[in-house]
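Chains as they are written, first to last, in the working numbering: chain A, 1 to 181; chain B, 1 to 326.
Because the hints were derived from the structure by calculation, they are not lab data.
Note that the coordinates shown come from a computational prediction; the quantities given were computed from them, not determined experimentally.
The beta-carbon is built from N, C-alpha and C at its ideal position, and this holds for glycine as well.
A partial selection of chain B residues facing chain A, derived with a Cβ cut-off under 8 Å:
id: 1; residue: 93
id: 2; residue: 145
id: 3; residue: 148
id: 4; residue: 151
id: 5; residue: 156
id: 6; residue: 190
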Amino acid sequence: MTKAPTIIAVLVIVAVAGGQAHAQAPQNSDKLSTWLPYQAIPSLTYYSGAPNSAFGFEWELAPVLYSFGMNRQISPWYFFIVEPPGRFTGSIELNLAVQTFMRKVGSSYFGFSGTVMGFVPLIERGEHLTLNLGVSLYRVGGTTPVFGVVGVSTLFGMVHLNLKHSPPDNIWITSLEWRVF
Amino acid sequence: MASILIGMRGGPQFWAALVMATVVGCNSVPARFMGKAMERIGDPVIPVAQKEKDPVVDRTGLSVLWAGHATVLIQIEDKVFLTDPLFTTTAGMLSKRYIEPGLDPASLARVDYTLISHLHFDHFSFGSLDMLPAAGTLPIPLGVLAYTPVLAFREIREMDPWESLEEDGVRITAVPVQHFSGRYGIDIPWMRDRGYTGYVIEYRGRTVFIAGDTGYHPEFFKDIGRRFSVDLALLPIAPIEPRDFMRFAHVEPAEALQIFDDVRAKFMVPMHHRTLLQGFDPTETFAVEQLEALAEQQGIRERVIVLEVGERREILKSTIVIPPDG
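Extracted from the complex, chain A is given alone in its bound form (with noise of 0.2 Å):
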């Protein structure tokens, strides 16, 4: 647990890294420091699952996202700072995630998650609606346990509800996302 604010870190300067690398000059600046202060924001999510269930925030970076919706004129690919309309035309990402629950989840208070997440267009190329699909890999309670997720995503792209169930453990994770890039 004492590695978590560590791996934070860590993804922090890659995500500073990253997002320069990718935002173009002279719009770096502006994107990364408005980019920066919205990562804090948490979504919530909700564990349910022996031997018991908690409330809890979490903390989501796209790593990279692969956009299949956008216009060939511009890259396909995201890294870290992912602007809306990449995401919600139709894309595939990678995320990773932390938790912190209210009450212990088996051992801990904490959780960490990948994701790998297609986002289908439903409704205006997705701008006011959106089916997520994805599978997860959490590390909460001790275990490790596979979760298939489905969801929407709707108001830009920037909310997200997402049920997340794992069968062999009949885990439920259900998450209401705020995805600010």
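Since chain A is already given, all that's left is putting chain B on it; use the hints.
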């Protein structure tokens, strides 16, 4: 995170500050606009009785069809141009139409150029672009490519102010206007000074100035007037209120008439009014009534052509001479 933890520990100052911030926030113009938008959700949309079945005609010098808001179908001789297409029931999920579009996009056999003035939802509507016939060219302002999904256009062309696109006798020049850009709020810091433009179309001796969305900037418009011999200016006239909030980015009718004078156009067609909930104008016709009264006072009423939504008007006759046998 820290504030959440402080809040969870029950710090009274935190909650007092939160309540005050909420109260101040609720009185802000965007918050009041959202409240107004919510009030209108159930309102019926006024139908447009007479829509042109064949909006593209065989022969015209210069004609325009106002489809509502900033959507204008312009035809110069054989070329067809469409500005800021908006055919959806809302702009940006929230701003509802008062009146349905005055043009059925399915009736358009072709559009040669679809011009996008800026990123805002009422001017760059993904759903509306999907309703248009495939092909054609999509001029967009610099910076908008990063927001543009895969679309069925032959070419998407980003244009900086004073940059021109020339093909097949058509010249389209991006011209400076005074507005702001950004689409999702978060992007305003790096899109504030880019991602918006006006256009001048020149074809077969006809010149049309499209202002898109703009506040008043005398140098920009006088410069346009010096560089081009404008036949027709398509100018926004709303929203007017609240004036202090709108002034920078939206001209009112008096300022629109000043632009009309600055660009030295022969005719003006007002747009960006009467279609969507925008601002706090007391009625949908508030701006156009002001415009008509001012034009009357200035003795230019016959040059200010106010169209109904869905109305088509030939501004200039064709000058092309067709041989008797052809």
